[in-house]
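Make a model of the complete structure from these sequences and hints.
These protein sequence lines are chains A and B, in that order.
The numbering of the first sequence is our numbering, which starts it at -11 and goes up by one.
The numbering of the second sequence is our numbering, which starts it at 1218 and goes up by one.
If you're looking for bench data, these hints aren't it; they were derived computationally from the structure.
Wrong hints could be hidden among the right ones.
Stated by the list, open to error - Cut-off 20 Å, straight-line C-alpha distance, at most; resulting in silico cross-link-like pairs (SDA-like, lysine to any residue):
#	chain 1	residue 1	chain 2	residue 2
1	B	K1228	B	L1585
2	B	K1453	A	A103
3	B	K1301	B	P1283
4	B	K1290	A	D102
5	B	K1453	A	R104
6	B	K1453	A	D102
7	B	K1290	A	A350
8	B	K1290	A	T106
Given the structure is predicted, the values throughout are model-derived calculations rather than measurements.
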Amino acid sequence: MSLNIRPVLAAMLRNRTGAVLVAMQVAIALAVLVNAAYIIVQRLEKVHRPTGIDEQNIMVIESAGFTGRFHQTSSVREDLAYLRGLPGVIAATATNSIPLSNGGNNDSLVTRPDARRTGYINDMEIDEQGLDALGAKLVAGRNFRHEEIQPALTKDDISSFVPQIIVSRALADYLFPNQSPLGKQVYDAINHSATIIGVVDPIMGNFPGSDHPERIFFLPRMPDEFIVVRYLVRTLPGQRNALMRVVESQLAASNPERVINYVRPLSYFKNLSYLGDSSMEIYLLTVTGLVIAVTCLGIFALATFNVSTRTRQIGTRRAVGARRRDIVSYFLVENGLITSAGVLGGCALALAAGYWLSLRYALPRLNLYYLLGGVLVLWGIGQLAAWQPARRAAAVPPSVATRTV
Amino acid sequence: MLAYYLRLALKSFRRNPGITALMVLAIALGIAVCVMTLTVYHAMSGNPIWWKSDRLYAVTMDNWDPNHPLNPKSDLPPPEMTYKDSQFLLTSNIPVRKVVMYSTEGVVSGVSSEPPTQLATRVTTADFFAMFEVRFLYGNGWSASADNPPQPHIVLSRRENDRLFAGVNSVGRTLRWNDHEFRVVGVLDDWFPRPRYYDLNGGHFQEPDDAYIPYGWGPELELQNRAESDCWRPEKLENFRDFLASDCVWQQMWVELPDAASRARFQAFMDAYWAEQRSAGRFLRPKNNRLSTVAQWLHDNEVVANDNRVLVGLAFAFLALCLINTVGLLLARFLNGAAVSGIRRALGASRGQIFAQLLIEVALVALLGALLGLILAALGLAAVHHMYAAAHLGRRGGYQELAHFDASGILWAVGLALTATLAAGFYPAWRIGRLSPAVYLKSQ
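Pasting the structure below:
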């Protein structure tokens, strides 16, 4: 098979417009494809970061007392006894905030009382079943004991601290790089101290949207009295939804001094937190698919048009000895040349767009492997789209050359 | 003449149904993607009180940690104020209206057989309703004197009034809010500014609150802020009074200043207060006392997400692709039919007439493409709305509020399709019109 480019090029240059239009389409397609793919992969990575939480089997219950007769501590005790007694429940804890919901508390935490305070760290109140209720894995130290759980903060005591905390591995590495954090002292915003007794890994806190969602520490304390109480309940696989219905009707009736605001799966909160990312993914995937489809269409249309206007020439070539596969290769080479020209322009366009996105929207700079992948994909679909017209051209019988006039 | 050209165009469609369909589809896809993206972008970048945008000012002061700003990525002061600063600024009578407020939660009970329900409740000074031009269905807000000492007045949203009182005029009726007796003084009409510019906490497109009570109830009942409170100073907070006196920011403040002179006077008032406090050891950061118009406020708080700007760019790239595709297809189509044009030229049609006839054909394709594009965009937006609504378990608020097709979207689509496609058809039509008829007559 001879890949004779000269005559292909000569024919193309005599009728440039169609080729230029298709090359432009390829260029735009490459720029869109590469940058969209890069953004999609980043979002996928973000959404699928390990959370260390048994997301699919946890329900969240929010209870709000509203009368003067409501006694939070006894209400929490009763609710937890009920929840923990349900068949199918692995563990239940009372807490002040909801994991992965982009809402919760932050506190300052430093390793020396006089250290400069540079940022805030997510914290969460749980009890001795808290880690189990999350499904989180303790990798060093020990869990909270029942007798270590501190009474709730009240309206007249809103800034106490706790004697012990459990930290995430990421927070331990941040506070005490290259050291074991166990037994170390840390200080809160007003220099109350606590001892680190355990390390959890992996774990994501309340703020998946923050810069360091994996930096979190757990406080052994009942949830603050002046804030609504949340319960995290982890069930055996497959039993969450059935248990949610049972729990909702039971708790709503159990205490007239409070309301149950909702009983929802934890996945609901996670989905909401990532709604922007997941809709961006879907949108980009759809548009990328359409871009490829429309580009294919353009290539296919040009090849078909070229074949139909050159029927007589093809017949003539066949009559003077060209084989079918020579005809096929002619059109594939022609298409390859056009696509290559487009890809060349597309590389420049893709890099420019990537640079602009990184500058304007602080996205990371385009990874060149994506560009290489995009080039291969466009060459591939270019040849595929031209394949059927090329076959049709090859089917033109040599006698066509003599028939018309 | 027009009717004749239209007939010719239809004939040509029938001759090449496949290529016509492809062109219509390519335009429709480009239009659909653009209209969808622009609709969401348009809704997002809306200013729901544009007519008053430069009279309303969000008030912020930078009382933050001298060592580092609240947000290292911007030079903006914290978006909320401390209680004590807001109380001082509230004493000024320079603004024609002034609002200090925050959002809390309260359980409403004591209305017939309705089960107790927790409502998002705004604790606000009396000017809220007049300042943000909230319309009332029944009754009114409360007077400024009801703020302090606080009177047991409550204003309900229309939806809450529908739920609690079956939509009847409930002014004068009583209910229990967190187990305290309140009297309904007003019921709001439907009101859902998007974005919720006056309080961007917890999402830019959240629903307005369902209940409103006088500001003085905040300290009186020690009502907690349900949105963001930020503290930086290591100070011991024993109780709610300590919190009120602290450097924590959680109060939202807006003022209405009718002209540049009053704006300048209020700015001077703030600056004087700032200087006095600074000499007493507060406000250790560089002076940053801001009065932000609604437009500026929406911009500073990045209500239009970067993602959506990227998507608008992407949509236009896709439209460009579709149009180039259409140019290619049109050119092929017209070249195929060049012989017919050649005969018409030979029979006396002028270049202009050939050009006009071909453009009519293009316009017809554009119209069909716009129509199909509109249908696709409506379907796409419905799908997006459905997806968001499902994620919110059907409750209002959030991004699904943006995925609505409106009249401006339809105008956009038709305008975009016609201009874009006509621009695309211009070159092919011009090229065919320029061909010398002899060439094509000869080749027959």
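Cross-check of the supplied hints:
1. As the CA atoms of B:K1228 and B:L1585 are separated by approximately 16 Å, the hinted pair is consistent with the 20 Å bound.
2. The suggested pairing of B:K1453 with A:A103 holds, with an alpha-carbon distance near 18 Å, which does not exceed 20 Å.
3. Simply put, B:K1301 and B:P1283 have alpha-carbon atoms about 19 Å apart, close enough for the 20 Å limit, and the pair holds.
4. Pair hint B:K1290 plus A:D102 does not hold up; C-alpha atoms about 26 Å apart against a cutoff of 20 Å.
5. Distance restraint check for B:K1453 and A:R104: the Cα-Cα separation of roughly 18 Å lies within the 20 Å cut-off, and the hinted pair is therefore satisfied.
6. With a C-alpha separation of about 16 Å, the suggested pair B:K1453 and A:D102 falls inside the 20 Å cut-off, and the hint holds.
7. Of the supplied pair hints, the one linking B:K1290 and A:A350 holds, its CA atoms being roughly 12 Å apart against a limit of 20 Å.
8. Of the pairs offered as hints, the one joining B:K1290 and A:T106 holds, with about 14 Å between alpha carbons and a cut-off of 20 Å not exceeded.
Checked against the numbered hints given earlier, the structure breaks only hint 4 and satisfies all the rest.
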